[in-house]
Structure formats: structure tokens, C-alpha cells
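Trainee: Chain residues, written in single-letter form:
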Amino acid sequence: MNIEFRNINKSFGPVRANIDLNFSIKSGTIYGILGENGAGKSTLMKILSGFYKPDSGQILLNGKPVIIESPADAIKYGIGMLHQDPLDFPPMRIIENFIVGQKGGLIPSYKETIHEFKELQTKFGFTLDPEAYVDTLTVGERQQLEILRLLWMGANALILDEPTTGISAQQKEKLFAALRILAEQGKTIIFVSHKLEDVEILCGKVAILRKGILVGELPAPYQTDKLVEMMFGKVITLGDRNNVSQSNIVFELKNIFVEQYPMRIENVNFRLQAGEVIGLAGMEGSGQDVLLRACVGLIRPISGSVIVIGKDLTGKNYHEFMKNGVSFLPASRLEEGLVPGLTLAEHFTIAGEETKGLFIDKEYFKQKAEKMIDEYHIIGHQSSTVESLSGGNQQRAALSLLRNSLSIILLEHPTRGLDIESAIYMWGKLKERCMLGTSIFFISGDLEEILQYSDRILVFFSGHVSPPLDAVTTSLDQLGQLIGGKGWDQVFDIQENYESNAKS
Amino acid sequence: MSGDIILLGLAGVIASGAPIVIAVIGETLTERAGVINLSLNGVILLSAMLGFWVSVETNSLFLGFLAGTLVGALVATIVAFSSITLKQSQVAVGFILAITCRDLAYFLGNPIMGSQGPIMLSSSVPLLRDIPILGKILFQQSLMTYLSIILIFVAWYWIFKTRPGLMLQGIGEKPAAAFVRGANVLKMRYVYTIVGGALVGLAGPLYTLSVKPGWKGTITGLDGIGWIVLAITIFGGWNPVRAAFGAYLFAFLQWLGLVLQPYMTSIPSQVLQVAPFPLMILALLFVNLGNTEWMDRLLATLPEKMRLRAIKIIRTMQSQPPGALGTPFERQ
Ligand SMILES: Nc1ncnc2c1ncn2[C@@H]1O[C@H](COP(=O)(O)OP(=O)(O)O)[C@@H](O)[C@H]1O
Ligand SMILES: [Mg+2]
Chain A
1 MNIEFRNINK
11 SFGPVRANID
21 LNFSIKSGTI
31 YGILGENGAG
41 KSTLMKILSG
51 FYKPDSGQIL
61 LNGKPVIIES
71 PADAIKYGIG
81 MLHQDPLDFP
91 PMRIIENFIV
101 GQKGGLIPSY
111 KETIHEFKEL
121 QTKFGFTLDP
131 EAYVDTLTVG
141 ERQQLEILRL
151 LWMGANALIL
161 DEPTTGISAQ
171 QKEKLFAALR
181 ILAEQGKTII
191 FVSHKLEDVE
201 ILCGKVAILR
211 KGILVGELPA
221 PYQTDKLVEM
231 MFGKVITLGD
241 RNNVSQSNIV
251 FELKNIFVEQ
261 YPMRIENVNF
271 RLQAGEVIGL
281 AGMEGSGQDV
291 LLRACVGLIR
301 PISGSVIVIG
311 KDLTGKNYHE
321 FMKNGVSFLP
331 ASRLEEGLVP
341 GLTLAEHFTI
351 AGEETKGLFI
361 DKEYFKQKAE
371 KMIDEYHIIG
381 HQSSTVESLS
391 GGNQQRAALS
401 LLRNSLSIIL
411 LEHPTRGLDI
421 ESAIYMWGKL
431 KERCMLGTSI
441 FFISGDLEEI
451 LQYSDRILVF
461 FSGHVSPPLD
471 AVTTSLDQLG
481 QLIGGKGWDQ
491 VFDIQENYES
501 NAKS
Chain B
505 MSGDIILLGL
515 AGVIASGAPI
525 VIAVIGETLT
535 ERAGVINLSL
545 NGVILLSAML
555 GFWVSVETNS
565 LFLGFLAGTL
575 VGALVATIVA
585 FSSITLKQSQ
595 VAVGFILAIT
605 CRDLAYFLGN
615 PIMGSQGPIM
625 LSSSVPLLRD
635 IPILGKILFQ
645 QSLMTYLSII
655 LIFVAWYWIF
665 KTRPGLMLQG
675 IGEKPAAAFV
685 RGANVLKMRY
695 VYTIVGGALV
705 GLAGPLYTLS
715 VKPGWKGTIT
725 GLDGIGWIVL
735 AITIFGGWNP
745 VRAAFGAYLF
755 AFLQWLGLVL
765 QPYMTSIPSQ
775 VLQVAPFPLM
785 ILALLFVNLG
795 NTEWMDRLLA
805 TLPEKMRLRA
815 IKIIRTMQSQ
825 PPGALGTPFE
835 RQ
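Sequence lines, in order, name chains A and B. Counting along the first sequence from 1, when you hit position 90 you're at 90 in this note's numbering, and nothing is skipped either side. Counting along the second sequence from 1, when you hit position 144 you're at 648 in this note's numbering, and nothing is skipped either side.
Hints are computed from structural coordinates only; laboratory data are not their basis. Take the hints with a grain of salt, since some may be wrong.
Said to hold, decoys possible - Residues of chain A placed beyond 12 Å of chain B at every Cβ, according to the derived structure:
no., residue
1, Gly-125
2, Gly-216
3, Ser-327
Said to hold, decoys possible - In silico BS3-like links for lysine-lysine, alpha-carbon gap of 25 Å or less:
no., chain 1, residue 1, chain 2, residue 2
4, A, Lys-26, A, Lys-64
5, B, Lys-691, A, Lys-76
6, B, Lys-665, A, Lys-111
7, B, Lys-691, A, Lys-103
8, B, Lys-591, A, Lys-53
9, B, Lys-665, B, Lys-691
10, A, Lys-195, A, Lys-172
11, A, Lys-118, A, Lys-76
12, A, Lys-118, B, Lys-665
13, B, Lys-665, A, Lys-103
14, B, Lys-691, A, Lys-53
Claimed, not checked - Chain B stretches covered by chain A per the calculated footprint, using a threshold of three residues with CB under 8 Å from any CB of chain A:
no., region
15, 556 to 568
16, 661 to 673
17, 799 to 808
Quantities reported herein were computed from a predicted structural model and do not represent experimental measurements. C-beta: ideal position from N, C-alpha, C; glycine also.
Kindly generate the complete structure, drawing on both the sequences and the hints.
Mentor: Spelled out as C-alpha cells, the structure:
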């Protein structure tokens with residue numbers, strides 16, 4: 001299906017998310033849409049898939065103007081979209097997710113559908129169990145399910161919005177292979193991403209958006225510099241590792257045993273030095289998140305102890321950890337980190353280290369918010385509610401809310417969903433704090449990020465934790481093997497050496 | 505002989521559980537769509553009174569039940585309009601309606617206090633009534649009791665086995681995902697809120713025309729039923745069969761209170777009458793024990809095999825609410 005956008009405009013209040021967009025996409029190609037966070041990619045795709053209506057402009061399918069009223073309408077035209085946050089039903093089984101929305105008689109035939117499902121998935125080398133519950137699947141598997149569902153619904157054009165966020169390397173391979181098969185069959189694939197390397201290896205042509213405007217279109221092969229320049233309007237360089245770790249111990253785990261069903265982690269011993277950055281690597285759900293939460297008192301360890309600057313805080317709650325200079329920035333910013341509905345100024349009010357009287361000095365916190373907005377380059381106003389900010393800005397806001405005098409910051413996916421520029425900025429700010437002696441503990445699914453910024457690395461594999469590996473002597477390849485469960489014997493050899501060294 | 509008494513008692517539990525079953529299934533349907541209708545307690549009282557009144561005037565049971573259903577549907581429409589269309593707090597609106605309807609019932613019901621009205625008689629099912637034991641318990645009941653039993657299975661089948669039922673689960677779980685799958689989320693939320701409300705409204709006259717005949721104002725003894733229905737909906741994990749089990753459990757506890765009264769003269773009769781309410785709440789807490797941290801720690805001390813089994817049992821007992829329960833849906 002050939003798709004053409006003509007003069008598409010869409011605003012959300014004062015924000016112009018899409019400005020006069022004009023371009024077309026040929027069937028049988030994989031077309032990339034590249035742009036940093038907030039560039040307007042998702043908005044345009046939601047317009048194409050009927051989720052939003054454009055303020056003005058036209059969409060042409062195979063040369064004919066169409067009006068797409070709803071997502072159901074879009075699928076009738078053969079357009080299916082894989083949303084950035086998976087739109088599926090976690091407590092239901094795969095096969096039920098597959099059936100919901102399908103036209104047909106009152107009582108769906110499971111047997112037949114399961115048969116068709118299996119037939120369809122073998123074409124792409126997927127191996128999902130139709131009876132499995134969706135909340136037991138990884139992000140990558142949920143994507144596979146959604147792709148199969150859209151194809152089964154008759155999608156001729158498939159939109160994928162940031163599909164490589166949060167999936168493993170193998171799943172990415174599988175996904176790309178499937179997309180190539182589909183393009184060969186003559187389907188139109190639109191691949192939305194802010195990741196240069198994904199777009200470069202997959203897409204035949206790419207449109208670059210910046211601040212709602214189409215900056216240009218480029219065919220493969222690409223020059224990375226050129227893409228970066230079009231995305232950001234300027235050339236940026238990656239920052240490097242920080243080597244400021246000092247030798248006094250600020251944090252210690254002793255024989256920790258934690259469990260959050262069905263994940264259990266046993267016998268973790270670890271010491272964190274002041275100013276040190278520790279990366280926790282592993283596939284999603286390998287136990288990193290459980291251990292991290294145990295480190296800040298959100299999950300109580302079943303045995304063992306957690307010691308913060310010489311003080312035993314085992315079994316204490318998060319509040320107690322906070323009082324001792326530990327702070328946690330969770331991945332789900334809006335669920336655990338920020339409070340939707342409150343403005344930035346109000347966030348500074350509740351997070352402030354200023355002594356709290358009964359009454360609030362509103363002006364003071366407004367000014368403080370303005371100052372932080374400036375310092376952290378947050379695009380927003382002190383009176384903006386946090387949910388109105390884009391992902392990158394929410395992350396900066398969360399960071400700016402952390403108190404200055406912290407001894408340890410724990411972060412979960414600090415740069416997930418951020419574009420390169422925001423990510424580098426984020427790390428710049430974190431490193432400033434390391435210089436002042438703050439230690440950092442972070443989880444990331446991005447192995448390069450782990451290698452680049454950590455001093456030492458803990459690798460997780462289904463609840464097993466490696467001894468700390470030195471980031472300088474660890475290669476990307478080695479790390480990739482470890483998170484996939486390979487090469488662990490060697491790691492434990494290292495541990496034995498490490499322990500005997502420690503004893504001697 | 506005493507065996508017969510037990511069978512009669514159990515038949516009574518099935519009958520007195522019927523209105524609770526119907527109301528719980530109504531609320532389950534509503535909440536499955538993501539809407540909480542908190543007005544139940546008032547609606548049951550108001551429909552009980554009005555349904556009874558209509559039956560007294562017209563001498564028709566059918567019209568009485570119809571009136572109750574309409575009251576329930578009407579109040580549910582108010583809940584739906586203010587929460588779905590106006591996007592107001594469902595809790596606030598429901599709560600105010602619960603209190604208003606209750607006061608209205610007591611106030612408007614004065615003229616018919618103590619009137620004689622028609623009573624629904626039982627009609628036994630030929631052949632089935634002769635089945636030993638079960639026949640006595642299940643098949644010598646009133647039409648509405650049969651309806652309540654049928655409803656359990658129809659609702660269960662609808663939610664879990666049919667296409668619209670799957671979509672209903674989706675609407676309550678993640679409305680945006682249901683929307684991209686072609687659901688008209690707002691319309692379906694209206695439909696299920698009103699249908700659910702109508703069922704709750706049916707429970708009212710079922711009391712005054714059958715289970716506890718007559719309207720006696722504040723001593724009719726129906727105050728509080730609506731709140732317990734809300735608790736049973738949670739206990740039931742939004743599953744009609746489990747919810748019905750909860751409803752019968754509550755009816756059984758109430759019956760037990762009556763039966764034990766003569767033997768427990770030292771306990772004031774009010775205590776035995778009220779006891780089922782806290783007991784039901786305890787049951788609710790019990791099924792959700794797995795949510796507590798001390799439970800995790802307790803389980804951690806068990807041997808591995810036993811622990812895993814215990815965790816499994818606790819997981820199946822626990823009830824997970826629909827993901828989007830109580831949150832409005834907005835498309836840009
Ligand atoms: N539902 C919405 N309400 C208000 N603003 C929005 C909404 N969706 C997107 N925006 C704003 O529109 C801009 C473009 O967002 P989006 O299309 O999601 O960007 P991208 O997908 O490229 O990261 C951002 O500034 C974002 O804050
Ligand atoms: Mg986006």
C-alpha cells in the first residue's frame with residue numbers, strides 16, 4: 001500500500017506536534033521515521049492509525065484520499081499499529097488477546113484460532129505458547145503477539161513505534177527478520193525510532209522529524225553524521241567514563257536473600273565505594289529490579305543485611321533509607337517516581353529538603369522550580385503538570401528533584417526512551433554528582449550504556465548474580481554472553497580469585 | 505428428620521442468597537467494564553420499597569420486579585453519565601447516591617409501611633425436584649431463585665467464553681487497547697453500568713416480595729446489604745461463579761446466626777445478626793492474604809516444596825481487579 005501524507009497538522013494545546021508534514025511511503029519498503037523524543041513521530045503515526053484526528057491535512061492510500069475515523073477504521077483500510085506502550089491485556093491469555101476485536105460469531109472457536117495462530121507464527125519463527133498469560137511474556141514476545149494479531153486482522157501496512165526499546169538482542173534479530181519478510185511480501189513497514197543504528201541497518205529510506213517539522217528524507221546507505229545532524233541540528237559527542245571512585249565504602253550488602261515471587265536471589269555480597277558507578281546488566285526480569293528495590297527498602301530481604309554508611313538499615317522502609325542519603329529513581333516515572341496531577345513547583349515543594357512548616361511558601365518553590373528548569377534544561381513551565389512533559393523532560397525533572405547531598409542514587413533504566421542528546425545530558429548530570437562523592441547503582445538494558453558509564457558491573461541471569469566485573473576489562477561480547485546465560489563458569493573462577501585475594 | 509431440617513435450611517440459604525447473587529453479578533458486570541457503582545446500598549433499599557409499593561397497588565409481582573429494575577437502571581444511568589461523560593469521581597457520585605436513595609426509600613416509603621402485598625410462591629420443577637437431596641435444595645424454589653442460579657452461569661459464560669465478553673474484560677482492563685480493537689468504550693461502559701444497575705435493582709423487590717416480605721421502613725433489615733455486595737464482588741475476584749459462592753457463604757452465615765440463636769442465649773441476638781458482615785470482610789481479607797509482607801516472610805520459613813504449593817494456592821485465591829477500574833477513558 002502506498003501511503004501519502006499531505007499537509008498534516010496537529011497541535012496539543014500550545015504544542016505543535018506535527019507541522020505541515022508532506023511525504024509519501026511506497027509499498028514493499030521498510031521506511032524509517034527518525035527523530036528525537038518529542039519530535040512528533042508517535043503523533044503522526046497515531047493519526048495514520050486513526051487514534052488521533054489531524055487538525056488539518058489529508059492522508060492518501062494508494063492515491064485515494066481517505067478519512068480514518070478510528071483504529072478500527074484504520075484496520076479496515078489495512079493499517080495496523082504496534083504502539084509504543086503495548087496495547088494488550090496482560091491478565092488474559094495470548095489466544096484471548098488474539099481473538100479480542102476479531103469479528104465473528106458470539107462464541108469464538110479457540111481450537112481453530114489456535115491452529116491458525118500456530119501456522120501464522122511459524123512463518124516468522126516465533127514460538128509463543130497460545131495458552132500462556134500475557135503478563136508472563138517479555139516485551140519482545142508481547143510485540144510478536146501484537147504483530148501476529150495485526151497481520152491476522154488483515155494489516156497491509158504495519159507501523160511499529162519504537163519497537164526496539166526494552167527487547168533483547170535476539171528478539172531484535174527476530175523482529176527485523178520478520179519485518180524483512182513482510183516487506184518482501186509487498187507490505188508497507190513504517191519503523192519509528194530514535195535509535196540511529198536500528199534505522200541504519202533496517203530501513204531503505206528514512207524521514208527525519210525535528211520539533212514537528214520534516215527536516216528531510218534520505219535513502220540508504222546513510223552517513224551517521226548526517227542523520228545526527230538532521231535529528232538534532234548540531235553535532236554531539238559521547239561522553240566517557242568517570243574514574244573518580246574513592247575508596248571508602250558507602251554501601252554494603254551482606255548475604256542478601258530476597259524474593260519476589262517467582263524471582264529469588266540468594267547470597268549476594270557486595271560493597272560500593274564512594275563515587276563509584278555500578279551497572280546492573282541482564283535481560284529484563286532477571287532479578288536486577290528485585291535486588292535494586294531490596295537495596296532501598298522497598299522489598300524486605302528475607303535474610304542478610306543492608307548497610308548504608310556503616311549503619312545497618314536492614315528491614316527499614318524507603319523513608320529511612322532516604323533519610324540516610326539513598327534515593328531511588330524507578331523506571332516507571334509516572335507510577336512510582338513523579339506524582340501525576342501535580343505541577344513541577346509542587347513537586348519541588350514535596351521533595352524539598354527545606355524545613356517543612358505547616359504553610360507553604362509558594363513563591364519560594366516557584367522560583368526554585370524555575371531555577372531547576374533552567375539548570376536541567378527541562379522543557380516545561382513551573383506550573384506544568386508532570387504528565388504533560390515528554391519522557392525526556394520527565395526524566396530530567398525526576399533527576400532535578402533529587403536532593404544534592406545524596407550518598408547513593410539508584411536508577412532504573414535512566415535513559416530508556418530518551419534520545420542520545422538527553423541521555424548524554426542525563427549522564428553528565430549524574431557524573432557531576434559522582435565527582436562530589438555520590439555513588440550510583442543503575443539498571444540498564446543497554447549494554448553499551450553499562451560498559452560506557454560503569455566502573456564495575458553486576459550481571460544477572462535468572463536470579464543469579466555475578467561477582468562484580470571490572471568494566472574496563474569486560475567486552476561487549478562477553479557481557480552479551482553472560483546475560484544470555486553463557487560463560488558463567490569463568491565468572492565464578494574470577495570470583496574465587498577475587499575472594500582469595502580479599503582474604504589474603 | 506433432622507436431615508430434612510438441614511436440607512430445608514440449605515434451600516433457605518439458596519433462596520435468601522438469591523438477591524445477593526443477582527446484585528453481585530450486576531456489580532461484577534459493571535466493574536468488569538471499569539466502572540464502580542457504589543450506589544448499591546441505596547438502590548437496593550429504594551427498589552425494594554418502590555417494587556413492593558407497585559406490587560401492592562397493581563397486585564402484580566411482575567410489575568413490582570419491573571419497577572425495581574427500572575429504579576436500578578435509572579440510578580446507574582446517573583452514575584454512568586456523571587462518571588463516563590462528565591468524568592466526575594465515581595466514588596463521590598456513587599456514595600452520594602447511596603445515601604440519597606436510602607433516605608428517599610425510608611422517607612417515601614412511610615405510606616406503605618406494614619402493608620400487605622403479594623408474595624412470590626415457590627414452584628417446584630417436575631422430575632428434578634425428586635432428585636435426592638439436590639431436589640430439595642435446588643428445585644423447590646421460586647422462579648426468581650431459579651433465575652438467580654441461571655444468571656450465575658450465563659454471566660460466567662458471557663464474560664469468559666463469548667466474544668463480547670472478552671471485549672468486556674478488555675474494556676475494564678485497558679480501555680485504550682479495547683478501543684484500538686474497535687470497541688466503543690464509552691457506549692459499552694454505559695450499557696454494562698445500566699445492565700448491572702438493573703440487576704441490582706432487581707434484588708430489592710426480591711427481598712420485599714419474597715425473601716423478607718413486606719416493607720417495614722428502617723427495620724426492614726436491608727440496610728448494609730449493598731455494602732456487603734461490594735465486598736463480595738471483590739471476594740469473587742470479578743468472577744460470577746466465585747462471587748455467587750461468596751453470596752451463598754454470606755447467606756449461610758446469616759442463616760447460621762438464626763439457627764444458633766436459641767443455643768447461644770448468652771450472646772445478644774443482635775450480635776449474631778450482625779456477625780455475618782464482619783465475617784464476610786474477614787473472608788475478603790483472608791483471600792487477599794498473599795498481598796501482605798508478613799505472609800511472604802512466614803512462607804519463606806517453610807520447606808521449599810510446601811512453600812511453592814502454598815504460594816500457588818494463595819495466588820489463585822487472590823483477586824486482581826480490572827486494571828482500569830474507576831478510571832475514565834479519554835481519546836484525544
Ligand atoms: N496526548 C498528548 N497531550 C498533550 N501533548 C502531547 C500528547 N501527545 C504528544 N504530545 C506532545 O507532542 C509532542 C510530540 O510528541 P510525540 O509525538 O509523542 O513525540 P515522539 O513520538 O517523536 O517522541 C511532544 O511535545 C509531546 O509532549
Ligand atoms: Mg513516541
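Trainee: Run every hint past the structure and note whether it holds.
Mentor: Results for each hint:
{"no.": "1", "hint": "Gly-125", "result": "holds (26 Å)"}
{"no.": "2", "hint": "Gly-216", "result": "holds (28 Å)"}
{"no.": "3", "hint": "Ser-327", "result": "holds (22 Å)"}
{"no.": "4", "hint": "A:Lys-26 - A:Lys-64", "result": "holds (14 Å)"}
{"no.": "5", "hint": "B:Lys-691 - A:Lys-76", "result": "holds (21 Å)"}
{"no.": "6", "hint": "B:Lys-665 - A:Lys-111", "result": "holds (13 Å)"}
{"no.": "7", "hint": "B:Lys-691 - A:Lys-103", "result": "holds (18 Å)"}
{"no.": "8", "hint": "B:Lys-591 - A:Lys-53", "result": "holds (22 Å)"}
{"no.": "9", "hint": "B:Lys-665 - B:Lys-691", "result": "holds (21 Å)"}
{"no.": "10", "hint": "A:Lys-195 - A:Lys-172", "result": "holds (13 Å)"}
{"no.": "11", "hint": "A:Lys-118 - A:Lys-76", "result": "holds (24 Å)"}
{"no.": "12", "hint": "A:Lys-118 - B:Lys-665", "result": "holds (21 Å)"}
{"no.": "13", "hint": "B:Lys-665 - A:Lys-103", "result": "holds (15 Å)"}
{"no.": "14", "hint": "B:Lys-691 - A:Lys-53", "result": "holds (20 Å)"}
{"no.": "15", "hint": "556 to 568", "result": "violated (count 0)"}
{"no.": "16", "hint": "661 to 673", "result": "holds (count 7)"}
{"no.": "17", "hint": "799 to 808", "result": "holds (count 3)"}
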